[in-house]
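**Student:** With my numbering, letter number 243 in the sequence shown gets 239, and the count goes up by one each step, no holes.
Careful, some of the hints might be misleading.
[To be verified] Distance ranges between label pairs, derived from CB positions:
id	residue 1	residue 2	range
1	K265	K229	42 to 50 Å
2	T225	R90	38 to 46 Å
3	F139	K236	38 to 46 Å
4	V221	E304	53 to 61 Å
5	E254	A165	22 to 30 Å
6	R268	V221	15 to 23 Å
7	E269	I158	20 to 28 Å
No wet-lab data here; the hints were simulated from the structure.
Beta carbons: idealized from backbone N, C-alpha and C, even for Gly.
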Amino acid sequence: MKEIKELDLNLLKLLRAVVETKNTHAAASQLGISQTSVSRGLAKLREVFGDQLFIRKAHGVEPSELAEKLAQASDEMFTPIIKVVESYRDFEPREFDGELVIAMHIFFLEVYGVGIFEVLRAVLPKAKLKLVYWQPDSLTDVFNGHIDYLIHFEGYPLPQEIYQHHLSAIKLCLVARKNHPVLTKSSEWDAIHSLPLTRVEMDGINSKRSPIEDIYQSKGYQANVALVTHSVKVLLHKLKNSDAILYGSSYMTELEPELACYPLPKFPKELREVNIVGGYLQTKRGYPLNQMVHQALQSYFDDVVQPEY
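Put together the whole structure using the sequences plus the hints.
**Tutor:** Pasting the structure below:
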């Protein structure tokens, strides 16, 4: 391991060139060095990673799987360094043409995605934007620099290394089809506890039950979970074509006009609304790019008005 840490970074550059060209002469030409220097570099790489790093062929060399993975990893290791340099240069938002990756819960992507895209496009017109949904390995991507900013529910477990700030709050309601045969009469527990329940999948939480299911259990009921999905479109289809319910918000009625909001049953006060937080690495709190994104998204959410019901 010590040998790897002390490895000359130029050798990794050489490794990538040989993997790409599969020819020492072509690699030398690409790097602007002699073929002898390439051969010496390959010898040093073999000392560290083994003789089978490259296999000699009649007209070049064949990279092993290890060589290909090392080339990919060495390319990725420069990403955080490049982002640091870009962030501390004289930052001009309208000239920034780097990549900006924002990951968020899939519900937020569906409801706020267009608005977030528009506000970021306005302040960073040349940026390469990626708006993606939060997945089980997204936290790892935050730490390795592949995700710049996240948007999630306040209750989602995030480590202390992630700086979080409040963006907005969402009032909850029962969402179901218009003229629902039960909810138009009552939304008390004794009337609704057996209704089919739907919810959006929450990636990254190792729990057998959702918080809603825990509430059902505390009331002495077993939640009848009929659908758990990543797809908001599938969720909307289920709700408007059945008696199923969703503990959601009035935003869903904007996505599907055939749905309506109904009052919650007796619910813990702290669960009658959910907070949205934004976050990024504590180590990036001084980065001009992160500060710009933070301000732009806070301004956007400050202007968002939740539909009344």
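**Student:** Please go over all the hints and tell whether each is borne out by the structure.
**Tutor:** Now for the hints, and whether the structure bears them out:
no. : hint                    : in the structure
1   : K265 / K229: 42 to 50 Å : violated (32 Å)
2   : T225 / R90: 38 to 46 Å  : holds (39 Å)
3   : F139 / K236: 38 to 46 Å : holds (40 Å)
4   : V221 / E304: 53 to 61 Å : violated (29 Å)
5   : E254 / A165: 22 to 30 Å : holds (26 Å)
6   : R268 / V221: 15 to 23 Å : holds (21 Å)
7   : E269 / I158: 20 to 28 Å : holds (22 Å)
The structure fails to meet hints 1 and 4 from the earlier list, while all remaining hints are met.
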